[in-house]
Amino acid sequence: MVADEGRQLESDLRIALLTGAVGWRDRNSDYGAAEMAVMAVLAASVAAVVTVLVVSAGLPARGAAWTGASRWAAAAVGSATLLAAVAPTLAWPWGWRHRTATSIWPLAVVRAAAATLVAGCWTVLLGTAAPWPAWILGSVVGGEVVLTGWLFGIAPSGRQWWWRLQRSSIHLGILAVSLVVLVVRPGIIGDLVLVLLTFQAIAAGTGLTCAGLDWLRRIVDRRTERKVELRLAAARTEMSEWLHDEPLTKLRLIALRMVRHERDPVAAAAELTELIHDLRIRQLEEAIAGGSAELADLFAPYLQLARDSGVELVEVPGYEESQQRLDEQARHRVHRALGVLVPNAIAAGAVSLRLRVGADPGGAVVIEIEDDAGGFDLAAVPPGRGLDRLRRELGAEGLTRVPVDGGSLMRVRVEPDAGGDAAAIGGSSVGAR
Amino acid sequence: MTRLLIVDDSELATDLLATSIRHDLRWEVVTVLRPDDVPAVLDPAQPFDLAVVDLSFPASELNGLDALLAVHNNLPRCRLVVYSQADAPFTRMLRDAWDAFDLATVLTKSMPIASVQRALVEVDTHGRAAVDPVVRPKLPAERSPWRSLDGYGRLVEHAGHAKLWQALIDLDDEPTYEELAQHTGLKLSSVRNYRGELLANLALHDLDRPKMRQMQAFAKRCRPLLEPHIRRKLARTGDGP
Numbered sequence: 001m002v003a004d005e006g007r008q009l010e011s012d013l014r015i016a017l018l019t020g021a022v023g024w025r026d027r028n029s030d031y032g033a034a035e036m037a038v039m040a041v042l043a044a045s046v047a048a049v050v051t052v053l054v055v056s057a058g059l060p061a062r063g064a065a066w067t068g069a070s071r072w073a074a075a076a077v078g079s080a081t082l083l084a085a086v087a088p089t090l091a092w093p094w095g096w097r098h099r100t101a102t103s104i105w106p107l108a109v110v111r112a113a114a115a116t117l118v119a120g121c122w123t124v125l126l127g128t129a130a131p132w133p134a135w136i137l138g139s140v141v142g143g144e145v146v147l148t149g150w151l152f153g154i155a156p157s158g159r160q161w162w163w164r165l166q167r168s169s170i171h172l173g174i175l176a177v178s179l180v181v182l183v184v185r186p187g188i189i190g191d192l193v194l195v196l197l198t199f200q201a202i203a204a205g206t207g208l209t210c211a212g213l214d215w216l217r218r219i220v221d222r223r224t225e226r227k228v229e230l231r232l233a234a235a236r237t238e239m240s241e242w243l244h245d246e247p248l249t250k251l252r253l254i255a256l257r258m259v260r261h262e263r264d265p266v267a268a269a270a271e272l273t274e275l276i277h278d279l280r281i282r283q284l285e286e287a288i289a290g291g292s293a294e295l296a297d298l299f300a301p302y303l304q305l306a307r308d309s310g311v312e313l314v315e316v317p318g319y320e321e322s323q324q325r326l327d328e329q330a331r332h333r334v335h336r337a338l339g340v341l342v343p344n345a346i347a348a349g350a351v352s353l354r355l356r357v358g359a360d361p362g363g364a365v366v367i368e369i370e371d372d373a374g375g376f377d378l379a380a381v382p383p384g385r386g387l388d389r390l391r392r393e394l395g396a397e398g399l400t401r402v403p404v405d406g407g408s409l410m411r412v413r414v415e416p417d418a419g420g421d422a423a424a425i426g427g428s429s430v431g432a433r
Numbered sequence: 001m002t003r004l005l006i007v008d009d010s011e012l013a014t015d016l017l018a019t020s021i022r023h024d025l026r027w028e029v030v031t032v033l034r035p036d037d038v039p040a041v042l043d044p045a046q047p048f049d050l051a052v053v054d055l056s057f058p059a060s061e062l063n064g065l066d067a068l069l070a071v072h073n074n075l076p077r078c079r080l081v082v083y084s085q086a087d088a089p090f091t092r093m094l095r096d097a098w099d100a101f102d103l104a105t106v107l108t109k110s111m112p113i114a115s116v117q118r119a120l121v122e123v124d125t126h127g128r129a130a131v132d133p134v135v136r137p138k139l140p141a142e143r144s145p146w147r148s149l150d151g152y153g154r155l156v157e158h159a160g161h162a163k164l165w166q167a168l169i170d171l172d173d174e175p176t177y178e179e180l181a182q183h184t185g186l187k188l189s190s191v192r193n194y195r196g197e198l199l200a201n202l203a204l205h206d207l208d209r210p211k212m213r214q215m216q217a218f219a220k221r222c223r224p225l226l227e228p229h230i231r232r233k234l235a236r237t238g239d240g241p
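So the sequences go chain by chain: U and F. No gaps in the numbering here: position 191 of the first sequence is 191 in our numbering, and each next residue is one more. No gaps in the numbering here: position 91 of the second sequence is 91 in our numbering, and each next residue is one more.
In case anyone wonders, no lab produced these hints; they're calculated from the structure. All residues carry an ideal CB built from backbone N, CA and C; glycine is no exception. It is possible that some hints are incorrect.
Some chain F residues judged to face chain U by a derived CB distance under 8 Å, without partners named [stated by the list, open to error]:
no. : residue
1   : Asp87
2   : Ala88
3   : Pro89
4   : Ser110
5   : Ala114
6   : Arg128
7   : Ala130
8   : Pro137
9   : Leu139
10  : Tyr177
11  : Glu179
12  : Leu188
Residues from chain F that keep clear of chain U, each with C-beta distances beyond 10 Å, as calculated [said to hold, decoys possible]:
no. : residue
13  : Thr108
14  : Gly127
15  : Ala203
Taking lysine-lysine and the BS3-like style, the derived pairs with C-alpha atoms no more than 27 Å apart in a straight line are [said to hold, decoys possible]:
no. : chain 1 : residue 1 : chain 2 : residue 2
16  : F       : Lys187    : F       : Lys220
17  : F       : Lys220    : F       : Lys109
18  : F       : Lys109    : U       : Lys250
19  : F       : Lys211    : F       : Lys187
20  : U       : Lys227    : F       : Lys211
Construct the complete structure from the given sequences, taking the supplied hints into account.
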């Protein structure tokens, strides 16, 4: 049973490898560094094959079956077929992708037919002259099968790929036909040997290309892993230092003051609540960096802060308005704005808060924070204050104030795909206006 | 007397909240620390009126959805309340629970105990209570019928889909097509086609053309909601346990 399943999978893999990676990739998936290296090899190999076909079409062909214009036609057909066959693979990184999932079998048949046609044109033009240049055809095959193999999570060695080709039905078919021809026409044994050597050149080219690209991928993977490890180590060190400097130090201080009766339970609880808010903010920043925070998540710690501070939440954004998709920078900006404006309103004595979210006609996200903490002049905020820094970061259109009865309506406008430098706008700044 | 079940691994719920409810409301409160232990306390002869359930249980392979489903299946009249931190990592699971079950309310652990008590009394009296404003941006006003308990059946239309979901749940790391084919016994092309068939319905679960990694995260998170449909389809073909 297991052997049957293994054979089934092996058979499936042959079809899959014939189909090529484009038949299996998710439309929104992108190539990594190693895949881009395969692209370069594939493009160079295709260019080399086309060059050889065109140059050989122009060379004198003594004793060849095809001469004159028919050689140019074979070169044109071979080149065009090869370009059409590999075009979906080469076009992928540039965003030109099939719109819907294509069926596997038609793709496999088309590509098999294309491979046969290219090999036929090659044989017509060079087959009887020299077999060894055919290794560049193997390089094209190698590039395609490596891409597909990586997609499936398999990475056989160059020797294994070569052995796969030796056992392939194509090779066995060529051997069988050659034997029959040899029996019928023993005089063309030289040509038959050249055909077999041409196949061996293709097999060798495939094996060597696969081996080289796998070796390259291992190097790229090792470097990527090393970079990830270094980043993780830096993040862990930074987290450890933050835990030391912030929660642990503050908790220790609160505990010591309580033991020495310098803090009553109410004051200690207030300090702990402040610390809880800091931890929530930190957790949210980690979630934003990890890509798991939605716009709705950005409001939560500030709604909790307002409630913990005794402020009534008269209006909060609904689910439907909070479903706007923001990139990481835009999420940072909204987080930063909430981190300044909500604590400012609380510090200014707000009794109630209204938070709204919407979109302007241009598609920008608009956040409104309305309080009843009295009025102020946004333009007169002293330099260096959190609000002043936020105004400079978001720009004149990004942060505006509308006076309302007994308070202010602060309006923040953020482009959903803000882009830009995370470090420049990261972090939160709490303080009075 | 109102009977309340609390399923939570935090002392905030099992000690502080439970004690205050016993003392202030005079309710009978049963606490369970892990979703694994929920079925053992569900006796139709002594039903609970309310169940307060957390979503995150890092010490268990089961999650809050398992606990909610167990209570829902065994005590259909029990009112379900989610009591959670409701922070970013669990927003999606909270939304899954909100859409799949007729939750009476959602309360967060940042609420004062007195407010939690008031909300629970409201649920006991009127069947439901307003959700905590802190989580209101995370919960749709209208529940999606596609994401109801039955709605998950649309994601498991035949045994092939069932095998694919089971493999995504069982395998640890993001699986390749080859690993999925090996695990399910399906052809590579079948795995690809079944996955392609599911993509349209996954859009109803807020997954826009998900990558395999995202599809697997969904499968693992929503495992309790998918499993009944998976078992049903596999049982029909004799592939089930």
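Problem - Evaluation of the interface hint that places Ala114/F against chain U, nearest CB under 8 Å - result: At about 13 Å, which exceeds the 8 Å cut-off, the nearest Cβ of chain U leaves the hint on Ala114/F violated.
Problem - Hint validity - Ser110/F Cβ closer than 8 Å to any chain U Cβ - result: holds, 5 Å
Practice task
Assess, step by step, whether the Cα of Lys211/F is no farther than 27 Å from the Cα of Lys187/F, and give holds or violated.
Solution key: holds, 20 Å
Handout entry: Agreement of hint Tyr177/F with chain U interface, Cβ distance less than 8 Å
Key = With Cβ-Cβ at 5 Å, under 8 Å, it holds.
Exercise for the section: Would you mind confirming whether the straight-line C-alpha gap from Lys220/F to Lys109/F stays at or under 27 Å? Expected result: At roughly 25 Å apart (the allowed maximum being 27 Å), Lys109/F and Lys220/F satisfy the hint.
Problem - Restraint satisfaction for Arg128/F [CB to CB of chain U, less than 8 Å] - result: Violated, because the Cβ-Cβ distance from Arg128/F to chain U comes to roughly 17 Å (cut-off 8 Å).
Practice task
Under 8 Å, Cβ to Cβ, is where Leu188/F needs to be relative to chain U, so tell me if that hint holds or is violated.
Solution key: holds, 4 Å
Exercise for the section: Tell me if Pro89/F is really an interface residue toward chain U, meaning its C-beta lies closer than 8 Å to one of theirs. Expected result: With Cβ-Cβ at 6 Å, under 8 Å, it holds.
Problem - Status of Ala203/F, Cβ more than 10 Å from any chain U Cβ - result: Since the minimum Cβ distance to chain U is about 13 Å, Ala203/F lies beyond 10 Å and the statement holds.
Practice task
Beyond 10 Å from every chain U Cβ: check whether that's true for Gly127/F.
Solution key: holds, 22 Å
Exercise for the section: Report holds or violated for the interface hint on Leu139/F, using the least CB-CB distance to chain U and a cut-off of 8 Å. Expected result: holds, 5 Å
Problem - When the least beta-carbon distance from Ala88/F to chain U is tested against 8 Å, hint result - result: holds, 4 Å
The earlier numbered hints that this structure contradicts are 5, 6, 7, 13.
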